[in-house]
Amino acid sequence: MLELADVHAYYGNIRALRGLSLSVERGEIVTLIGANGAGKTTTLRTILGLIRPRRGHVSFNGQRLDTLGTDRIVRLGIAQSPEGRHIFPRMTVLENLELGAFARPDRDGIAPDLERVFSLFPRLRERIAQKGGTLSGGEQQMLAISRALMARPGLLLLDEPSMGLSPILVDTIFRIIEDINRQGTTILLVEQNARMALRVAHRGYVIQTGRVVMHDTSAALWRSDLVRKTYLGEK
Amino acid sequence: MKRLGPAALVVALLAYPFVDRAVGLHTVHAVSDGMIYMLLALGLNIVVGYAGLLDLGYAAFFAIGAYAMGLLNSPVLGSPLYGHAWSFWVCIWIAAAVSALLGLVIGAPTLRVRGDYLAIITLGFGEIIPVAIRNLGDVTIEIGGWRPIERLNLTGGENGVNPVGRPYLPGVPFETDPMPWYFLILVIGALSIWAMSRLRDSRLGRAWMAIREDETAADCTGVNPISTKLLAFALGASFSGFAGSVYAAKLQAITPGAFEFQVSIMLLCMVVLGGAGSLRGVVLGAMLITIFDRVILSQTTFLVRAIGRATGVSALTAVDLTLWRWFFFGLGLVLVMLLRPQGLAGRRVRPVAGGDADDETAVPEPSAPPRLAAVPEWLRTRAAGVDASGAVLEVRGVTKSFGGVVALNQVDLAVPRGAIIGLIGPNGAGKTTFFNVVTGLVRPDAGHITFGGGSLVGLRPNAIVARGIARTFQSIRLFAHMSVLDNVLVGEHCRLESSVAGAVVRPPSVVAEERRARERARSLLAFVGLADKEEDLARNLPYGDQRRLEIARALATEPRLLLLDEPTAGMNPRETEALTELIGLLRRELTLSILLIEHDMEVVMGISDRISVLDYGTRIAEGTPAEIQRHPRVIEAYLGTGYEAEAAGRSGPR
Chain A
47 MLELADVHAY YGNIRALRGL SLSVERGEIV TLIGANGAGK TTTLRTILGL IRPRRGHVSF
107 NGQRLDTLGT DRIVRLGIAQ SPEGRHIFPR MTVLENLELG AFARPDRDGI APDLERVFSL
167 FPRLRERIAQ KGGTLSGGEQ QMLAISRALM ARPGLLLLDE PSMGLSPILV DTIFRIIEDI
227 NRQGTTILLV EQNARMALRV AHRGYVIQTG RVVMHDTSAA LWRSDLVRKT YLGEK
Chain B
7 MKRLGPAALV VALLAYPFVD RAVGLHTVHA VSDGMIYMLL ALGLNIVVGY AGLLDLGYAA
67 FFAIGAYAMG LLNSPVLGSP LYGHAWSFWV CIWIAAAVSA LLGLVIGAPT LRVRGDYLAI
127 ITLGFGEIIP VAIRNLGDVT IEIGGWRPIE RLNLTGGENG VNPVGRPYLP GVPFETDPMP
187 WYFLILVIGA LSIWAMSRLR DSRLGRAWMA IREDETAADC TGVNPISTKL LAFALGASFS
247 GFAGSVYAAK LQAITPGAFE FQVSIMLLCM VVLGGAGSLR GVVLGAMLIT IFDRVILSQT
307 TFLVRAIGRA TGVSALTAVD LTLWRWFFFG LGLVLVMLLR PQGLAGRRVR PVAGGDADDE
367 TAVPEPSAPP RLAAVPEWLR TRAAGVDASG AVLEVRGVTK SFGGVVALNQ VDLAVPRGAI
427 IGLIGPNGAG KTTFFNVVTG LVRPDAGHIT FGGGSLVGLR PNAIVARGIA RTFQSIRLFA
487 HMSVLDNVLV GEHCRLESSV AGAVVRPPSV VAEERRARER ARSLLAFVGL ADKEEDLARN
547 LPYGDQRRLE IARALATEPR LLLLDEPTAG MNPRETEALT ELIGLLRREL TLSILLIEHD
607 MEVVMGISDR ISVLDYGTRI AEGTPAEIQR HPRVIEAYLG TGYEAEAAGR SGPR
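Those sequence lines, one after another, are chains A and B. Each residue of the first sequence is one higher than the one before, starting from 47 at the first, in our numbering. Each residue of the second sequence is one higher than the one before, starting from 7 at the first, in our numbering.
Hints in this document: simulated from the structure, not taken from any laboratory. No residue lacks a Cβ here, since even glycine has one placed at the ideal position from N, Cα and C. Heads up, a few of these hints could be off.
[Claimed, not checked] Cβ-to-Cβ under 7 Å is the rule here; a few derived chain B residues that face chain A:
#, residue
1, P432
2, N578
3, L645
[Claimed, not checked] Capping the alpha-carbon separation at 25 Å, the derived lysine to any residue pairs in SDA-like fashion look like this:
#, chain 1, residue 1, chain 2, residue 2
4, A, K177, A, G200
5, B, K256, A, K275
6, A, K275, B, E608
7, A, K177, B, V448
8, A, K177, B, K256
9, A, K177, B, D621
10, A, K177, B, D220
11, A, K275, B, R118
12, B, K539, A, R257
13, B, K539, A, K177
14, A, K177, B, E608
15, B, K256, A, H261
16, A, K177, B, Y22
17, A, K177, B, E221
18, B, K256, B, Y22
19, B, K539, A, E161
20, B, K539, A, Y56
21, A, K275, B, V510
22, A, K275, B, V448
23, B, K539, A, G58
24, A, K275, B, Y622
25, A, K177, B, D299
26, B, K539, A, E129
27, A, K177, B, S481
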């Protein structure tokens, strides 16, 4: 469904991705594991066309993405919940969610999806008329994920969805991730909480300095020494 | 080679007027005028470039400087102020002082506003001054037939002040020769640039840039935004006072028309074109615009007319390109913003690392766990000097609501000296609001907050930092376009003492203080594992490094209580472990008290002495980690049942 082949991307002259290749098949949850600065967020930004690769290509359902604008890419059915939330602070919770559905062709599907989002995050229903910027950090995180869900994407990119959430909500978020995956959404998940990420993902890629150093099924990664020591925090 | 550049520049500047005379160019007058505008642009750069306060009415300060000179140094006008014809050399200082004073006056009402609102206020001020000058040329006050003041001419009205006295130096022909003017302005300009570059690299300069980057974070790092902004206005204005008074004396006459809105805009163009915040850029921008305005437009007009006459095209013979100057300025500005938004000489947002070559060093290391150095010795010494026992922070009955939402409801909390207190709770429970109340960002509706015996309620954040409370932010708030080292140095701001004069003159005490501050900042960076990154821009650091830099900045304020808002969010297990170790080290070695908001239960349960739990703004539990883990309400509202499973055994993937 999604394919990155030998992607090189730069910030200015700093190489962030150096020949990164990965693929995501329809219906999968795939997780990217790596340290801060390894290139995980850059990978997501490259998929969305926010950064242009200098070499290599990105394709989605056979269509090249790396020549398209971000708005076109989103219309192809890719949505993201970005790291650091980036909600619209001066718009209400409802308006934020409605904007998530901005590029959707099926207007009828919006109301049920709104209902679905509110049942996933009851706290958002309580705050429906509040401005996004007045929400607490964790609530903004819920809003960012919900906004991405409102696009009803074929492929959902989640960047650190558990950041800033209470333990009970971390559990909930990962349950939700599994739920929406079961309902047919393919998910590419970037997460520092590798333990939770590997628990829900089918496959994972370990990224170091802009390259894939390892990829395998979650179970195999879970058993590997590199992952255990570096990313699961075991001694 | 590097030495040669400045030396060549000095020789060129000194030789220029003689060459000009020898060749017979007669451009010294125009160049001197251009240099006055350059000085103005440099003054504006302090306000706009350093402190980030958009000023659309800067020409008003130019007018004030010019009229201060005109009123004090004109032999003709009739008011009591006139006619004494004070010496130019005295008036120029008075003009600068008056401008600085008015800088404070206009700065004061704008302190609480930013961005668009500030710009509009300065715009209004820029309009008021020329209008006032026009109308104060004929003042009559009539009180029921009695006229205490009749047709008083304060400012010369539309006709302006004419003539204005020239400077007098024995044997120097200011009357007949443009050359002394050139050198006078050159000296003033050189001294101004010298002073500005020293201000930029001082404690005050760093405070200006911190305000520009993030005013709230600056306030919470111990920078007083009010006095810092006022100083930007006052110092920025004082340079225009110099420029205005020289302008008045050089032109021999001033009229209100010389200080219109367009002048403010032109000055702003110079700053933006060259690169706001860069001295070299502003000089370049001012040069380009002046040369274009004074030389290229008029010469091109001549050329086009000549072509028109030669070819017999009558339309061309009547062309006057100088009427199009604003068109060309606008076009130039649009092009610069599109092609090089940081200005011609502005600092690039990202550093350039040696072309396109495969540069392995430019890439962040893979998850190397940060190497922590020992706690800096000076911090240890400073901490040992503080004598305190019992509770450091005592919060009682604090209540805060926003509209109808009660964010904090009768919350009590005490942090004893040297303790680590965890603050947990569901998202939206009010934890960050609690931090904001303690640090002075939000004023509580009710309740008491005391720290080391004194009340904190009503104090500004920077005053609370000075008392010894530092914090980090949940969504990292660094000074993004400042270097890593400068970020930490801003933290030391409230512990440094150099004044404005000290920053410019740099007596040995200031030099020593600055050197010590840098040593301390470097030791803090080594402590958090950022020793090799001090020159990087803060925004270019990866996430985990940014978190550690924020902690270093907070430690630089020499706190007795540190508030950490989700310090390990977004960190991988190794980084989290290193940070946990660092927090423990701070408590052990500095007896620092720490209040910690954190969702990573391994961290909170591992290092907290006691934990308080908030839910919907109310404290629902308080106790040791072991008590909290078993507390049914905490499990229900916060931990969830999954936590127990996770703590018991680490189940693998499905």
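Going down the list of hints, with the structure as the test:
1. P432: Hint holds; P432 of chain B Cβ to chain A Cβ min 5 Å, cut 7 Å.
2. N578: 5 Å, holds
3. L645: 5 Å, holds
4. A:K177 with A:G200: Not OK: K177 of chain A and G200 of chain A at ~29 Å, beyond 25 Å, violated.
5. B:K256 with A:K275: Status violated; Cα separation ~75 Å.
6. A:K275 with B:E608: Roughly 17 Å separates the two Cα atoms, so the pair holds.
7. A:K177 with B:V448: Judged against 25 Å, a Cα distance of about 18 Å means the pair holds.
8. A:K177 with B:K256: Roughly 57 Å separates the two Cα atoms, so the pair is violated.
9. A:K177 with B:D621: Judged against 25 Å, a Cα distance of about 21 Å means the pair holds.
10. A:K177 with B:D220: Roughly 21 Å separates the two Cα atoms, so the pair holds.
11. A:K275 with B:R118: Between K275 of chain A and R118 of chain B the Cα gap is close to 51 Å, so the pair fails against 25 Å, i.e. violated.
12. B:K539 with A:R257: 23 Å, holds
13. B:K539 with A:K177: 38 Å, violated
14. A:K177 with B:E608: 33 Å, violated
15. B:K256 with A:H261: 75 Å, violated
16. A:K177 with B:Y22: At roughly 61 Å apart (the allowed maximum being 25 Å), Y22 of chain B and K177 of chain A break the hint.
17. A:K177 with B:E221: 22 Å, holds
18. B:K256 with B:Y22: Since the Cα atoms of K256 of chain B and Y22 of chain B sit roughly 19 Å apart, the hinted pair holds (cutoff 25 Å).
19. B:K539 with A:E161: Status violated; Cα separation ~48 Å.
20. B:K539 with A:Y56: 19 Å, holds
21. A:K275 with B:V510: 53 Å, violated
22. A:K275 with B:V448: Roughly 43 Å separates the two Cα atoms, so the pair is violated.
23. B:K539 with A:G58: Given that 25 Å is the threshold and the Cα spacing comes to 18 Å, the pair holds.
24. A:K275 with B:Y622: Not OK: K275 of chain A and Y622 of chain B at ~38 Å, beyond 25 Å, violated.
25. A:K177 with B:D299: 48 Å, violated
26. B:K539 with A:E129: Holds. K539 of chain B to E129 of chain A sits at ~23 Å (cutoff 25 Å).
27. A:K177 with B:S481: Given pair K177 of chain A, S481 of chain B holds - Cα atoms ~18 Å apart, limit 25 Å.
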